[in-house]
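**Student:** Go ahead and model the full structure; you've got the sequences and the hints to work with.
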Amino acid sequence: MSDAFVSLQSLTLAYGDTIAVPDLSLDVRQGELISLLGPSGCGKSTTMRAIAGLLAPRAGRIGIAGRDVTRVPANRRNVGLVFQSYALFPHLTAFENVAFGLRLKRMRGAEIERRTRDGLATVGLDHLARRKPAEMSGGQQQRLALARSLVMEPDVLLLDEPLSNLDARLRLEMRNELQRVQRATGVTMVFVTHDQAEALALSDRIVLMRDGRIEQLDTPEGLYARPRTRFAADFVGFENIFDVVPEGLKGPEGTVPHRVPHRVPGDVAALAWRPGGVRVGSGELRGRVAGVAFAGTTREYVLDSALGRIRADAPAGAERLAIGDQVAFDLPPETACPLGTA
Amino acid sequence: MPTLASRVVLALVLTFLIGPFVIIILAGLSAGNSLAFPPDGLSLKWYLKVFTVESFQASFALSMFLAVFGTLAALALGVPAAYALNRYDLPGAETVRIIVAAPIIVPGIIVGLALLRYLVVPTGVGVTLALFLAHTALVLPYAVRVVSSSLHNLRADMEEAAVLLGCTRLQAFFKVVLPNIRAGVLAAFILGFVTSFNQVPVSLFLSGPGVRTLPIDMLAYMEITYDPSVAALSALLAFLSVAIVFAAEKFLGFSRYV
Numbered sequence: 002m003s004d005a006f007v008s009l010q011s012l013t014l015a016y017g018d019t020i021a022v023p024d025l026s027l028d029v030r031q032g033e034l035i036s037l038l039g040p041s042g043c044g045k046s047t048t049m050r051a052i053a054g055l056l057a058p059r060a061g062r063i064g065i066a067g068r069d070v071t072r073v074p075a076n077r078r079n080v081g082l083v084f085q086s087y088a089l090f091p092h093l094t095a096f097e098n099v100a101f102g103l104r105l106k107r108m109r110g111a112e113i114e115r116r117t118r119d120g121l122a123t124v125g126l127d128h129l130a131r132r133k134p135a136e137m138s139g140g141q142q143q144r145l146a147l148a149r150s151l152v153m154e155p156d157v158l159l160l161d162e163p164l165s166n167l168d169a170r171l172r173l174e175m176r177n178e179l180q181r182v183q184r185a186t187g188v189t190m191v192f193v194t195h196d197q198a199e200a201l202a203l204s205d206r207i208v209l210m211r212d213g214r215i216e217q218l219d220t221p222e223g224l225y226a227r228p229r230t231r232f233a234a235d236f237v238g239f240e241n242i243f244d245v246v247p248e249g250l251k252g253p254e255g256t257v258p259h260r261v262p263h264r265v266p267g268d269v270a271a272l273a274w275r276p277g278g279v280r281v282g283s284g285e286l287r288g289r290v291a292g293v294a295f296a297g298t299t300r301e302y303v304l305d306s307a308l309g310r311i312r313a314d315a316p317a318g319a320e321r322l323a324i325g326d327q328v329a330f331d332l333p334p335e336t337a338c339p340l341g342t343a
Numbered sequence: 061m062p063t064l065a066s067r068v069v070l071a072l073v074l075t076f077l078i079g080p081f082v083i084i085i086l087a088g089l090s091a092g093n094s095l096a097f098p099p100d101g102l103s104l105k106w107y108l109k110v111f112t113v114e115s116f117q118a119s120f121a122l123s124m125f126l127a128v129f130g131t132l133a134a135l136a137l138g139v140p141a142a143y144a145l146n147r148y149d150l151p152g153a154e155t156v157r158i159i160v161a162a163p164i165i166v167p168g169i170i171v172g173l174a175l176l177r178y179l180v181v182p183t184g185v186g187v188t189l190a191l192f193l194a195h196t197a198l199v200l201p202y203a204v205r206v207v208s209s210s211l212h213n214l215r216a217d218m219e220e221a222a223v224l225l226g227c228t229r230l231q232a233f234f235k236v237v238l239p240n241i242r243a244g245v246l247a248a249f250i251l252g253f254v255t256s257f258n259q260v261p262v263s264l265f266l267s268g269p270g271v272r273t274l275p276i277d278m279l280a281y282m283e284i285t286y287d288p289s290v291a292a293l294s295a296l297l298a299f300l301s302v303a304i305v306f307a308a309e310k311f312l313g314f315s316r317y318v
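If you're matching them up, the sequences are chains A and B in order.
Position in the first sequence (from 1) plus 1 gives the number in the working numbering.
Position in the second sequence (from 1) plus 60 gives the number in the working numbering.
Quick caveat, the hints were computed from the structure, so don't treat them as lab data.
Check before you lean on any hint, since a few could be wrong.
Listed below are the simulated BS3-like cross-link pairs for lysine-lysine, each with C-alpha atoms no more than 25 Å apart in a straight line [claimed, not checked]:
no.: 1; chain 1: B; residue 1: Lys235; chain 2: A; residue 2: Lys106
no.: 2; chain 1: A; residue 1: Lys106; chain 2: A; residue 2: Lys133
no.: 3; chain 1: B; residue 1: Lys235; chain 2: A; residue 2: Lys133
no.: 4; chain 1: B; residue 1: Lys310; chain 2: A; residue 2: Lys133
**Tutor:** Following this line, the structure appears as structure tokens:
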């Protein structure tokens, strides 16, 4: 509790009769970038709305900056939220959008002017102050929404799918922008995203959520290399997951003998391989090429095997296989990720 | 490329719609003393006479009052109603929508008779007040409908953004929602104004001695005096309506809301 800046304790969140989040506890450190990651319906947005004060918890407690805000209304929580849709005010100029919250604070005009200018400059929009949101590009609108929240100097800044509406190039730009802003302001940021790449790229820590529960709380490196459950492994790109049975490995199509790696402890329920961890061209397993796609540095294969479908990446320089070719492959123990029973 | 047949149909429809206007306008320009078409010579005397008839002045004032304040009252009730129906998952919302729409669906004659029998007669409310209440009720459905459609296009997260920036829900409504549905509210006002101003059947039942709306007064006038001034007045009112709708379309894109 000591280093928790945002503290969620046994939070139960519901819409009507539907419990979206049954019992969630999470501590976020000050100045941290943390992501709530998961597929739609996992409770990540619900949790974010609860932190913002837009949804009252059924049970539990929310603390922000050492203050119990469970019963504090959204407009007095000092929490910023950058909406996925940006939710800019279309009838106001960029300047007035940013000044909106400051004006409500009954600040002096000169102070509002100064802070608004600073806010627009922070996101590089000072030259567009007179524009209306509709006259700005998607990326500019996003930065405007960011500036509008930042000038309020929130304790926590929540971002709902901040990169999902941007094209690939803008995405990279915005990612850098968010990290730069975070370093400059030191604001604690909580992202909500369904995109594992986005979460891995941006976060200090990732909260992987599933059905309203925390599936795994880890660093990006930890989650990427050592997912602990089948769900987590699947989410971070381990596309080949097979149950460990006494005879070897069991897939949807059948069971094959397999040498279970020595370093794996006894309670392993399954082994998982990324497409890049599958060795194509040699090994004791046999498969038939069912699909192939060139992806620059690699060639991505789909193989039909006795286990079922295998996704495997081979170096682009390796021998080129065609659909229908028989090929040997291996699921090497050294590239396997052991998964627990959960 | 339109075929000959479709051109003929178009011409007939336009004639049917606009023809009566032309006849009325021309009939009002008559130099003779009775309402007739084709007009008996040409003069502007009936158009000028309209402004000197005292009962027209009084009934025009009443109609304007009802149209302006009845519509404003309907908006004062209708905007919050539309907001509540749009934003909250209210029990019985569908029932409320139907009840609100009732004055459009139920024939005016019945509304008028019902109001007379069950409002005016038992309570003895003044004629003006009864008319005001009736016109407010008649315009309310339009207010709710038109404002609903603009609220529907306004994302709810904009209000949440305003709240997170420090607004109360009420402030968010006035600072964010209202400015963004302004065009819809104005469209509802114009539609309500025209509806109220042209209202006949309900007003017919509720008009009392010396208190008549303009359309009712014109009917009464025609029963006694069959001169072209009614045609002249009708033409003037038609121009007024056209001017209002034209201005609304030009400045607001009125047709998007109706």
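**Student:** Take the hints in turn and mark each one as holding or not.
**Tutor:** Results of checking the hints against the structure:
Of the pairs offered as hints, the one joining B/Lys235 and A/Lys106 holds, with about 14 Å between alpha carbons and a cut-off of 25 Å not exceeded. Between A/Lys106 and A/Lys133, the direct Cα distance comes to roughly 23 Å. Compliance with the 25 Å bound is thereby established for this hinted pair. Taking the CA atoms of B/Lys235 and A/Lys133, the gap is near 16 Å; set against the 25 Å cutoff, the hint holds. Distance restraint check for B/Lys310 and A/Lys133: the Cα-Cα separation of roughly 22 Å lies within the 25 Å cut-off, and the hinted pair is therefore satisfied.
Checked against the numbered hints given earlier, the structure satisfies every one of them.
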